[in-house]
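Undergrad: So the protein sequences, as listed, match chains H and E.
Counting along the first sequence from 1, when you hit position 15 you're at 14 in numbering that gives the first Met the number 0, and nothing is skipped either side.
Counting along the second sequence from 1, when you hit position 34 you're at 33 in numbering that gives the first Met the number 0, and nothing is skipped either side.
Derived from the structure by calculation, the hints contain no laboratory data.
A couple of the hints might just be wrong.
Below, a list of computed lysine-lysine pairs in the BS3-like style, where the Cα atoms sit at most 25 Å apart [unchecked claim]:
(1) K41/E x K67/E
(2) K83/E x K55/H
(3) K55/H x K67/H
(4) K254/E x K153/E
(5) K55/H x K55/E
(6) K67/E x K83/E
(7) K83/H x K67/H
(8) K55/E x K83/H
(9) K55/H x K83/H
On a predicted model such as this, the values are computed, not experimentally measured, just so you know.
Residue-level listing of the chains:
Number of protein chains: 2
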Amino acid sequence: MRRTPRKGQKLPAVPAAQQRPATDGGIRRRRAGRPSSAVLDKAGITAAALELVSRKGYDGLTMAALAKLLEVAPSALYNHVSSKQDVLLLVEDHLMSLVDVSSFGAAPWDDAVRTWAWSYRNVFAEHTPLIPVIAVLPVTDAPQTLAMYETVSKGFLDAGFPQERIISAIVALESFIFGSAYDVTAPEDIFDPGTMAESTPYFTAAVRGAAGTALRGHAQAPEGSEAAADPLRAADAAFALGLDALVAGLGGLRKAE
Amino acid sequence: MRRTPRKGQKLPAVPAAQQRPATDGGIRRRRAGRPSSAVLDKAGITAAALELVSRKGYDGLTMAALAKLLEVAPSALYNHVSSKQDVLLLVEDHLMSLVDVSSFGAAPWDDAVRTWAWSYRNVFAEHTPLIPVIAVLPVTDAPQTLAMYETVSKGFLDAGFPQERIISAIVALESFIFGSAYDVTAPEDIFDPGTMAESTPYFTAAVRGAAGTALRGHAQAPEGSEAAADPLRAADAAFALGLDALVAGLGGLRKAE
Numbered sequence: 000m001r002r003t004p005r006k007g008q009k010l011p012a013v014p015a016a017q018q019r020p021a022t023d024g025g026i027r028r029r030r031a032g033r034p035s036s037a038v039l040d041k042a043g044i045t046a047a048a049l050e051l052v053s054r055k056g057y058d059g060l061t062m063a064a065l066a067k068l069l070e071v072a073p074s075a076l077y078n079h080v081s082s083k084q085d086v087l088l089l090v091e092d093h094l095m096s097l098v099d100v101s102s103f104g105a106a107p108w109d110d111a112v113r114t115w116a117w118s119y120r121n122v123f124a125e126h127t128p129l130i131p132v133i134a135v136l137p138v139t140d141a142p143q144t145l146a147m148y149e150t151v152s153k154g155f156l157d158a159g160f161p162q163e164r165i166i167s168a169i170v171a172l173e174s175f176i177f178g179s180a181y182d183v184t185a186p187e188d189i190f191d192p193g194t195m196a197e198s199t200p201y202f203t204a205a206v207r208g209a210a211g212t213a214l215r216g217h218a219q220a221p222e223g224s225e226a227a228a229d230p231l232r233a234a235d236a237a238f239a240l241g242l243d244a245l246v247a248g249l250g251g252l253r254k255a256e
Numbered sequence: 000m001r002r003t004p005r006k007g008q009k010l011p012a013v014p015a016a017q018q019r020p021a022t023d024g025g026i027r028r029r030r031a032g033r034p035s036s037a038v039l040d041k042a043g044i045t046a047a048a049l050e051l052v053s054r055k056g057y058d059g060l061t062m063a064a065l066a067k068l069l070e071v072a073p074s075a076l077y078n079h080v081s082s083k084q085d086v087l088l089l090v091e092d093h094l095m096s097l098v099d100v101s102s103f104g105a106a107p108w109d110d111a112v113r114t115w116a117w118s119y120r121n122v123f124a125e126h127t128p129l130i131p132v133i134a135v136l137p138v139t140d141a142p143q144t145l146a147m148y149e150t151v152s153k154g155f156l157d158a159g160f161p162q163e164r165i166i167s168a169i170v171a172l173e174s175f176i177f178g179s180a181y182d183v184t185a186p187e188d189i190f191d192p193g194t195m196a197e198s199t200p201y202f203t204a205a206v207r208g209a210a211g212t213a214l215r216g217h218a219q220a221p222e223g224s225e226a227a228a229d230p231l232r233a234a235d236a237a238f239a240l241g242l243d244a245l246v247a248g249l250g251g252l253r254k255a256e
């Protein structure tokens with residue numbers, strides 16, 4: 000993948016493997032009709048797709064815009080992906096490959112779920128414009144995504160979950176995770192009642208009571224996570240609280256071992 | 000609000016109070032520069048905004064498109080709302096006014112939370128394109144929204160919740176609710192592993208085990224809800240399961256009465 004960003008334009012980080020020396024010097028556009036498929040691969044397409052969504056939101060992700068950013072003819076792009084749906088599967092697969100499932104099989108179920116859930120939330124908090132798409136995108140033909148679900152499903156089964164409840168339990172956790180990812184990006188003053196504070200005394204007192212309350216004695220955030228670094232973050236407090244409840248409640252489904 | 004929908008074009012329902020007899024007969028467009036502010040009010044603007052989002056997604060909601068749909072000059076629209084942000088507050092307030100908080104104070108806390116949560120999820124399942132916006136929209140100056148939070152906050156306090164944990168508990172529930180609203184719109188085959196079924200045996204078995212499993216003995220859906228009508232719905236099963244866990248887990252925060 001070659002890119003010629005304009006000066007002063009800040010681009011999201013691209014994996015080092017995708018960066019190539021700018022052998023075309025000052026030349027902005029490559030000759031039309033002569034895309035080199037050698038510089039185009041699925042990882043490069045994925046990185047460019049994420050860059051488009053970061054810059055312009057989900058609606059900015061079109062095959063035409065993708066070809067332009069990659070500086071290839073659309074026909075070259077279609078050699079690698081047959082549709083926008085294909086691109087979305089690549090993006091889904093990439094994001095899911097970033098989610099940490101390493102604790103399943105290595106730590107108790109509760110801990111593994113917490114590690115997975117914090118990691119999953121943090122990945123999507125960085126990519127909220129993709130949540131509406133990926134939350135309803137089939138996993139079919141997405142190998143990394145299926146690998147994540149395979150590891151998590153095995154973790155639940157080994158922990159004693161009845162097989163027929165595993166998917167519901169995972170979906171419940173994912174719903175909480177996706178919603179919580181938005182909350183990470185909410186403004187600090189989202190619950191400021193403004194001029195209506197006097198007419199909403201219970202809510203206003205709850206908002207004021209929450210402000211400044213630390214996670215002390217309740218932090219479930221792994222060491223080094225945002226919550227550990229800044230225990231006051233409201234989004235992390237709510238996530239830790241909800242995750243505790245879900246882990247405890249869902250854990251009750253397990254058969255006695 | 001007057002609208003002249005094209006023949007055959009299906010429009011989302013508009014509250015009866017917003018419908019006016021078509022006194023302009025076959026005339027499609029009102030004369031430019033002569034908008035009548037008498038036919039324009041906040042409820043009409045809200046209904047038109049929801050209609051735009053339904054038709055064209057969130058990006059379709061612009062002040063220009065709104066004025067066009069309402070058949071008024073933009074200046075007339077700006078007499079009622081000063082910005083798109085104002086329109087969003089109207090939309091937020093309208094949707095939140097549809098959420099059922101009537102059980103708080105009238106039923107035990109657990110039941111009230113369940114009624115509220117199912118209602119909240121169902122409202123947003125009908126308006127998923129607005130979730131990314133409303134999930135991070137400040138509640139300031141949104142009277143109906145604040146009224147909802149006031150009732151819910153009082154319900155939590157009266158049930159024995161420590162004041163400083165009420166907002167976190169509500170946010171945790173809302174995160175689950177927003178994520179679950181997407182799940183209602185997911186395709187039935189979202190977890191079809193396709194050709195990779197053999198390489199993902201645990202996940203595939205879990206998906207097959209879930210299919211056809213009823214909510215029997217576990218249904219928390221209120222009578223008459225979708226889940227009660229169709230107990231097989233996967234989204235409702237996951238929502239009921241997660242909500243049970245959250246209600247049980249969060250309920251543990253309550254002080255002994």
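Undergrad: Given the hint that K55/H pairs with K55/E, does the C-alpha gap stay at or below 25 Å?
TA: holds (17 Å)
Undergrad: What's the verdict on K83/E and K55/H, does the C-alpha distance respect the 25 Å limit or exceed it?
TA: At roughly 19 Å apart (the allowed maximum being 25 Å), K55/H and K83/E satisfy the hint.
Undergrad: For the pair we were handed, K83/H and K67/H, check the Cα-Cα distance against 25 Å.
TA: holds (14 Å)
Undergrad: Between K41/E and K67/E, is the straight-line Cα distance small enough, at 25 Å or below?
TA: holds (16 Å)
Undergrad: Under the criterion that the straight-line Cα-Cα distance not exceed 25 Å, is the pair K67/E, K83/E satisfied?
TA: Since the Cα atoms of K67/E and K83/E sit roughly 14 Å apart, the hinted pair holds (cutoff 25 Å).
Undergrad: Within 25 Å, alpha carbon to alpha carbon, are K254/E and K153/E?
TA: holds (15 Å)
Undergrad: Straight-line Cα separation of K55/H and K83/H no greater than 25 Å?
TA: holds (16 Å)
Undergrad: K55/H and K67/H: Cα distance at most 25 Å?
TA: Measuring from Cα to Cα gives roughly 14 Å; hence the hint holds.
Undergrad: Under the criterion that the straight-line Cα-Cα distance not exceed 25 Å, is the pair K55/E, K83/H satisfied?
TA: The given pair, whose Cα atoms are some 19 Å apart, holds under the 25 Å limit.
In this structure, none of the earlier numbered hints is contradicted; all agree with it.
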